[in-house]
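Same order as they appear, the protein sequences are chains C and G.
Here numbering that gives the first Met the number 0 is used: the first residue of the first sequence is 0, the next is one more, and so on.
Here numbering that gives the first Met the number 0 is used: the first residue of the second sequence is 0, the next is one more, and so on.
Read the hints as simulated data drawn from the structure, not as lab findings.
Bear in mind the structure is a predicted one, so any value in this text is a computation, not a measurement.
Glycine included, C-beta positions come from ideal geometry on N, C-alpha and C.
All clues given are correct.
Here are the computed distance ranges between Cβ atoms for each label pair:
no., chain 1, residue 1, chain 2, residue 2, range
1, G, Glu265, C, Pro97, 24 to 32 Å
2, G, Ile80, C, Gly14, 53 to 61 Å
3, C, Glu96, G, Asp168, 29 to 37 Å
4, G, Pro232, C, Gly88, 29 to 37 Å
5, G, Asp233, C, Leu8, 34 to 42 Å
6, G, Ala106, C, Pro97, 45 to 53 Å
Coverage of chain C stretches by chain G, computed from C-beta distances (three or more under 8 Å per stretch; other residues unrestricted):
no., region
7, 39 to 45
8, 48 to 61
9, 65 to 77
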Amino acid sequence: MTTGGPLDLITRVRGVRGAMLVSAEDGLVVAEQLMEGIKGGAVAALAASLAGRLRRAMEAAGTGTSVFWHLQAEQGALLVVPGGDNAGGILVVAVAEPDVNIGLVRLELLRAAETMV
Amino acid sequence: MADEIRALSAQLAQDPQSLVFLRLGEALRRKGQLESATRVAMNGLERHPHLADAHDLYARILTDKHDYERAFDEWDMAVRIAPNHTGALKGLAFLYFKVGDIAQAEAHLEQARKVEPDDPTIDQAFEMIRGGAKAAASSAAPAPSAGTLDEARVFAGLEGSNEGLLLIDGAGRVLGGALRDRSGSDVTDSVAAYLAGVSQEAARTAKLLGLGAWNGLSAEGQHGNVHLAHPTPDALLLVVRERGTPLGRLAILAQRATAMARRWLETQ
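Work the whole structure out from these sequences, hints included.
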């Protein structure tokens with residue numbers, strides 16, 4: 000599994016402050032490319048925890064597991080693509096500025112997840 | 000039309016107590032001058048609070064403004080004042096139809112027909128409702144029962160207001176709306192219970208990452224898309240739509256639902 004390439008493509012998108020691969024099961028960092036000041040360990044743990052709770056809610060609602068989710072906040076956004084079982088339960092995560100092009104980041108996250116299969 | 004409005008305005012100015020405000024308000028509404036029509040109706044209601052026609056006029060204006068929840072209240076008031084007010088009965092039938100309560104819609108139209116058996120618009124409304132009922136019956140989603148109306152009214156008039164919208168409090172208790180899964184089973188309570196946890200985790204994540212307060216969470220699922228927002232600090236709103244609904248459109252729908260939910264919560 001290569002990791003540097005896919006993360007490069009994500010972090011090249013204007014407004015993205017960092018990208019990571021995170022183990023969904025334990026919330027640990029697998030690979031990261033982050034700007035100064037972003038705490039990779041905290042991002043990984045929180046993203047994995049939120050992903051787990053969201054997965055349970057979405058399964059209960061009958062929408063199936065999530066293929067992309069996006070937390071919008073006042074000063075930024077967290078964007079996540081769960082890599083699925085074939086990718087070994089890896090989350091592809093991006094931390095971005097609030098005015099980032101969400102559609103573009105989503106595409107790069109999905110591409111990165113595909114390369115891990 | 001402009002001459003009529005000028006003439007009616009002059010009459011009303013001469014005698015502010017007169018009922019000419021009803022004709023003026025209706026003329027303004029038909030011309031699409033909804034803010035002016037609203038002012039006329041509100042002034043009229045202040046002077047004639049027990050006049051069913053005034054509530055009917057205001058309800059029609061509110062309906063044109065897509066404020067269906069308040070329109071319901073106004074028509075409801077009109078019928079309480081004058082139980083045989085056909086305009087209000089037809090208006091209520093329309094709103095019941097919009098929230099998917101076909102039985103109530105038909106009951107109100109039947110009542111209107113008893114009062115005015117020769118009114119052709121009642122037959123037209125029946126045809127529309129029965130056409131809508133057939134369409135609903137052929138779709139997978141079941142229509143809500145009459146008992147769900149109060150909850151559905153939180154989102155009355157909003158696209159898909161009778162399903163796929165859920166409002167809960169911070170402890171995961173349902174405040175309004177309902178959810179069904181793809182097989183048609185009611186999953187409202189279980190989703191509500193999970194959502195409280197999602198909200199707390201989203202708030203914690205945004206705060207600890209220095210992103211400030213969270214204001215929305217969108218997610219694409221394998222079979223459907225969801226958007227989570229919080230109309231007030233203590234309430235959560237979930238909008239669920241089929242996979243074909245783009246996340247951007249879902250966010251717009253969620254914004255509208257959030258505004259409606261906020262207004263509804265303020266009146267509780």
